[in-house]
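Chains as they are written, first to last, in the working numbering: chain A, 1 to 113; chain B, 1 to 114.
Derived from the structure by calculation, the hints contain no laboratory data. Don't be surprised by glycine CBs; every beta carbon is placed ideally from N, CA and C. Take the hints with a grain of salt, since some may be wrong.
Unchecked claim - Quick look at which bits of chain A chain B covers, simulated, 3 or more residues with Cβ under 8 Å: (1) 36–45; (2) 61–74; (3) 94–100.
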Amino acid sequence: DAGVTQSPTHLIKTRGQHVTLRCSPISGHKSVSWYQQVLGQGPQFIFQYYEKEERGRGNFPDRFSARQFPNYSSELNVNALLLGDSALYLCASSLGTGVEKLFFGSGTQLSVL
Amino acid sequence: AQSVTQPDIHITVSEGASLELRCNYSYGATPYLFWYVQSPGQGLQLLLKYFSGDTLVQGIKGFEAEFKRSQSSFNLRKPSVHWSDAAEYFCAVGAVIGNEKLTFGTGTRLTIIP
Numbered sequence: 001d002a003g004v005t006q007s008p009t010h011l012i013k014t015r016g017q018h019v020t021l022r023c024s025p026i027s028g029h030k031s032v033s034w035y036q037q038v039l040g041q042g043p044q045f046i047f048q049y050y051e052k053e054e055r056g057r058g059n060f061p062d063r064f065s066a067r068q069f070p071n072y073s074s075e076l077n078v079n080a081l082l083l084g085d086s087a088l089y090l091c092a093s094s095l096g097t098g099v100e101k102l103f104f105g106s107g108t109q110l111s112v113l
Numbered sequence: 001a002q003s004v005t006q007p008d009i010h011i012t013v014s015e016g017a018s019l020e021l022r023c024n025y026s027y028g029a030t031p032y033l034f035w036y037v038q039s040p041g042q043g044l045q046l047l048l049k050y051f052s053g054d055t056l057v058q059g060i061k062g063f064e065a066e067f068k069r070s071q072s073s074f075n076l077r078k079p080s081v082h083w084s085d086a087a088e089y090f091c092a093v094g095a096v097i098g099n100e101k102l103t104f105g106t107g108t109r110l111t112i113i114p
């Protein structure tokens with residue numbers, strides 16, 4: 001069975017641009033969470049979506065938004081990119097809303113120049 | 001608010017030697033506790049987790065961790081490391097109620113020398 005897949009794997013953008021990152025959860029999983037991992041730091045929680053509704057939001061500005069589609073895949077959007085948005089963006093899927101069993105994808109490495 | 005502290009940024013261990021990675025957490029009650037491993041350019045793989053019950057938990061790849069409530073600690077151990085254990089290790093805490101997120105520590109980078 002396929003694990004959590006994220007696309008693209010790498011991305012280079014310039015300041016002020018917009019970016020869309022995509023995530024496909026494990027088949028049967030209805031929850032998708034997004035985490036940002038800045039170099040040298042641990043992952044930080046951005047969003048959780050379950051059954052297409054936002055269930056949790058971390059301490060990130062409104063430039064960050066997400067949505068979940070009927071097939072449970074998800075997009076993370078970041079507007080007006082800043083240099084500080086350069087990071088590895090991780091997607092995790094799970095059956096429900098709890099953190100007991102999260103499965104992480106390999107991430108999208110975003111570089112903002 | 002929940003938080004995690006991993007006091008060791010980088011640890012170097014000889015292959016075959018024992019390993020202990022430290023983790024301290026802050027949370028108002030007994031949380032869910034996790035250890036994840038991350039190889040370069042990869043996502044996170046769950047090594048083990050603690051929810052309740054026996055305070056010594058066994059994980060994959062020969063790792064174990066011990067929950068000590070009195071010390072708010074959840075240290076990861078392995079009796080004999082292998083070169084393939086070189087990676088970044090993250091301790092994380094999750095709330096039992098309202099548990100939509102994990103809070104991670106800053107990680108410990110493990111280097112193995114022959």
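Verification of the supplied hints:
no.	hint	verdict
1	36–45	holds (count 6)
2	61–74	violated (count 0)
3	94–100	holds (count 4)
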